[in-house]
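Go ahead and model the full structure; you've got the sequences and the hints to work with.
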Amino acid sequence: MATTAVNLKPQERKTEHRSEWRRAWRRFSANRVAVIGLIVVILLILMAVFAPLIAPYDPITDIFRGQRGVGPSPDHPMGFDHLGRDLFSRIIFGSRVALIVGIFSTLISVIIGVTVGSVAGFFGGWSDRVLSRIIDTLMAFPIIALLIVLAAVLGPSLLTTVVVIGATVWSRYARVVRADIMSLRQRDFVIAARALGVPNSRIIWRHMLPNVLGPVIVLASLGVGSIIILESALSFLGLGVRPPIPSWGGILADGRAFILRYPHIAIFPGIMIVITVLAFNFIGDGLRDALDPREME
Amino acid sequence: MFGYIVRRLFEGLIVIILISIATFAIMRLMPGDPMDMLLGEGQVRISKEQMEAIRARWGLDEPYYVQYFVWVKNFVTGNLGESLVRQGVPVRDMILEAMPVTATLNIYALLIALGVSIPIGILAGMRRNSPLDYAASVGSALGIATPNFWLALMLIVIFSLMLGWLPPFGLRSAKGYILPVIVLATEQMAIFTRVMRSSTAEVVTQDYVRTARSKGLPERTVITPRRAQFVAAHHHRGRLPHRLPAQRHDHRGNRLRPARHRPPLHRFGVPPGLPGGPVAGGGVGRARRGCQPPDRSGVCSGRPTHSDRVSQWLLLL
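Those protein sequence lines, which keep their order, are chains A and B.
Going by our numbering, the first residue of the first sequence is number 1, and it counts up by one from there.
Going by our numbering, the first residue of the second sequence is number 1001, and it counts up by one from there.
Certain hints may be false.
Partner residues aside, some chain A positions facing chain B, computed with beta carbon under 8 Å [unchecked claim]:
id	residue
1	R133
2	D136
3	A140
4	F141
5	S201
6	R202
7	I229
8	S232
9	G255
10	G270
11	I273
12	V274
13	V277
14	L278
Computed Cβ-Cβ distance ranges for the label pairs, DEER-style [said to hold, decoys possible]:
id	chain 1	residue 1	chain 2	residue 2	range
15	B	L1171	A	L46	38 to 48 Å
16	A	I36	B	M1001	43 to 53 Å
17	B	R1008	A	W205	30 to 40 Å
18	B	L1096	A	W205	48 to 58 Å
19	B	N1106	A	L260	26 to 36 Å
20	B	I1118	A	P142	21 to 31 Å
21	A	F50	B	L1013	46 to 56 Å
22	B	V1101	A	R65	37 to 47 Å
23	B	A1135	A	A145	13 to 23 Å
24	B	A1135	A	D75	32 to 42 Å
25	A	S29	B	V1101	42 to 52 Å
Computed footprint of chain B on chain A; a stretch qualifies when at least three of its residues, placed anywhere within it, have a C-beta under 8 Å from a C-beta of chain B [stated by the list, open to error]:
id	segment
26	149-159
27	258-266
Hints listed in this document are in silico derivations from the structure and should not be mistaken for laboratory results.
We put the CB at the ideal spot given by N, CA and C, even for glycine.
Rendered as C-alpha cells:
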C-alpha cells in the first residue's frame, strides 16, 4: 500500500490541471439520468447526420397521393401528413433543423454573451453601465415577440432563424459571466498577473475565462433545450424554416391545421421535441452537479 | 438603501427608453412602407402628389427621430393609433378588450401553479429520493420540456375530440377556461416545483434546521421557515442538545425533555413513544428514516442519507 501511494504521487502532480475536468467527468458519468440524456443526444445527432440513409422515403418529393392523412401502419410507422408525405421520414429530417438551430444558436449566443459579459465585468465603469442596460433591455423584451418581428423583417429561413435566436438570447450568459469576472477581478492571481504586466486580453482569456467556463457550459446545455422549443414555436407560427423543408415545429403547424381530421400529425413532432429537450436538460442538470461541487453533499 | 432604490429606478427608466427605441426601430425596419399597408398593394390608384400629401398628413416625411418623439408622445398620452386589420378600431381599445381575459387566465393559472407546486416542492425536498420526490422531479422535467402550444393541441385532442368534455376553443362558458388555464399553469408549475424542491433540499441541511430537529420539534414546525429561525435564535449555533437546561419549552409552550432522557441507542429506529421527546428516532419523521432497521454491524446498506448523518451526529454525543 505504502509503495503504491508513493508511486502515485508524482503522476498526480503532473496531471493536476486536468484532474478537475476528469473528476467532473467521473461525477457526470455516475449520474444515470445525465448519461441517458447524453446517449439520446448522440443518437439524435447520428439520426440527423445519417437522415438520408435512415429515412425510408424522401421527406419532400415522395408524395403518396391516395394516402393523405392516413394514420400509422407497419410500413409507415407514423402515418402520412396532410399532403401524403411519409411522416416518419419528415420527422427524421426534421431533427436536422432542430439540432442545427439548437446548437448553432447556442454557440452564437455563448460567444456574444461571454464577450459582452467579460468586457462589462472586467472593465467596469461606463462600459459596464452601458452593456448592463443593454442586457437588462434584452431580458425585459418578450423574446418571442422580438423573434417574430425580426424573422418577419429578415424573411424566414434556416440562417435567419439561427442568427436571430442566437442574437437575442445571449443576455443570460452575459449576466453570469459579468458577475463571475467581477468577483475574479479581486482575486490574488489576477492582481498578480496585472502586476506582472500581462495584457488585459490575456488576463481575461487565459486566467479568467477558464474559471467561468463551468456555469456557461451548464447554462448552454440547458439553453439548447429552450432554443429548440423557441425554434419550433417560430416554425409553428410560420416564421421559422420555410415550409417544404421539414422541421418539427412546421409539422406541428400542419398538424394544428388538420387537428380535427388527422390528429396523429401533431402528436409525433411534439413527442420528438419533448424527448430532445428532456435529453439536453438532463445533460445540463448532470453537468451542473458535476461542475459545481458546492452543491454536492 | 434609498440611494440604491433611486438608482435602480433610474436604471429601469433607461431600460424602458431603450426598449421603446428598439421597438420603434424594429417597426420601421419592417418590410414595406406604412403607405403600402394603408392602401393595400397596388389596389388603390393614387397620384404621387396624393401619396406625398398622405405622407405629410401622417408625419412620415419627417426625419426618424421626430417620428420617434411623436410616437412616444402619443404612446404616453394613451393614443396607440388605429388598427390596420380591424379598420377604425383604436388599438388601445383592442388591448383593453383583451386585458381582462389575459389577466383572468393568468391569475387562475398562477394560483393553481403556486397551490400545487409549493406543497409538492417542499415535500419532495424534505423526502429526497422518495417516490414522491421522483414523481415531482419527473413531472417538472416533463413540464419544462413540453412546448405549451403542443400540450394545448394534445389536450384539445384528448378532452375535446376524444372525450368531448370541453370545448376546443372559445370562452363562452366557464368550461372554456379549463384547458387554457391548465396549459398556462403546467409550465409555471414545473418551474416552481423545481425551485421549491431544490431550495428546500438545501435549507434542510442547514445547522438551524438540524438544531430544531435535534430538539425534537415537530417536523411541521421545522419546515415553516420563520419558526425554525425563531427556534434557532434561542441557541447558539452548534450548541448541543444535552447541554440544554433540564426543562425547556418550545415557542408554543410544549415541554421539551432534556436530551439525557432519550431512549438508549440500541433502540434507535424503534419509535419509543415518548411524546414530544427530543429526537432519537421517535416522533420526528426525519431521523426515523434512512438507516432502518440498523443491522447488527451498525452499518447501513446503501448510500448514507441525510438522516443517517443526523443519527451519526447524535451517536457522537
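Going through the hints against the structure:
Interface restraint check for R133/A: the shortest CB-CB distance to chain B comes to about 5 Å, inside 8 Å, so the restraint holds. Hint status for D136/A relative to chain B: holds, with the closest Cβ pair at about 5 Å, below 8 Å. Of the supplied interface hints, the one on A140/A holds, with its beta-carbon coming within about 6 Å of a beta-carbon of chain B, less than 8 Å. This hint holds: F141/A has a C-beta 6 Å from the nearest C-beta of chain B, less than the 8 Å allowed.
Given hint, S201/A at the interface with chain B, is violated; its Cβ is 28 Å from that chain's nearest Cβ, farther than 8 Å. Contact between R202/A and chain B, as hinted, is not supported at the beta carbon level, the nearest pair being about 32 Å apart and thus beyond 8 Å. Restraint check, I229/A versus chain B: the minimum CB separation of about 5 Å is within 8 Å; hint holds. Annotation: S232/A was flagged as interfacial toward chain B, and the flag holds, the nearest CB pair being 6 Å apart, inside 8 Å.
Among the interface hints, the one on G255/A holds; its C-beta lies about 7 Å from the nearest C-beta in chain B, closer than the 8 Å criterion. A hinted interface residue such as G270/A counts as satisfied when its beta carbon comes closer than 8 Å to some beta carbon of chain B; here the least separation is about 4 Å, so the hint holds. For I273/A, the suggested interface contact is upheld, since its CB lies about 6 Å from the closest CB of chain B, less than 8 Å. Hint status for V274/A relative to chain B: holds, with the closest Cβ pair at about 5 Å, below 8 Å.
Because the smallest distance between the Cβ of V277/A and any Cβ of chain B comes to about 4 Å, under 8 Å, the interface hint for this residue holds. Checking L278/A against chain B by beta carbon gives a least distance of about 4 Å; that is within 8 Å, so the hint holds. The beta-carbon spacing between L1171/B and L46/A, approximately 46 Å, falls within the hinted interval of 38 to 48 Å. As the Cβ distance of I36/A to M1001/B is approximately 48 Å, the hint placing it in 43 to 53 Å holds.
Here the CB-CB span from R1008/B to W205/A is close to 32 Å, well matched to the stated 30 to 40 Å. Between L1096/B and W205/A the Cβ separation comes to about 53 Å, which falls inside the hinted range of 48 to 58 Å. Judged by the Cβ atoms, the range 26 to 36 Å given for N1106/B and L260/A holds: they are separated by roughly 27 Å. Remark: the range hint 21 to 31 Å for I1118/B to P142/A is upheld by a beta-carbon distance near 26 Å.
Restraint check, F50/A to L1013/B: a C-beta distance of roughly 54 Å satisfies the suggested window 46 to 56 Å. Between V1101/B and R65/A the CB atoms are about 43 Å apart, so this pair conforms to the stated range of 37 to 47 Å. For the hinted restraint 13 to 23 Å between A1135/B and A145/A, the CB-CB distance of approximately 35 Å leaves it violated. Taking 32 to 42 Å as the suggested C-beta distance range, the pair A1135/B and D75/A conforms, at roughly 38 Å.
The hint said 42 to 52 Å for the Cβ distance between S29/A and V1101/B, and at roughly 49 Å that hint holds. Check on the segment 149-159 of chain A: 5 of its residues sit with their Cβ under 8 Å from a Cβ of chain B, so the three-residue criterion for coverage holds. Restraint check on the segment 258-266 of chain A versus chain B: 4 residues with Cβ-Cβ distances below 8 Å, three needed, restraint holds.
When held up to the earlier numbered hints, the structure conflicts with 5, 6 and 23 and fits the remainder.
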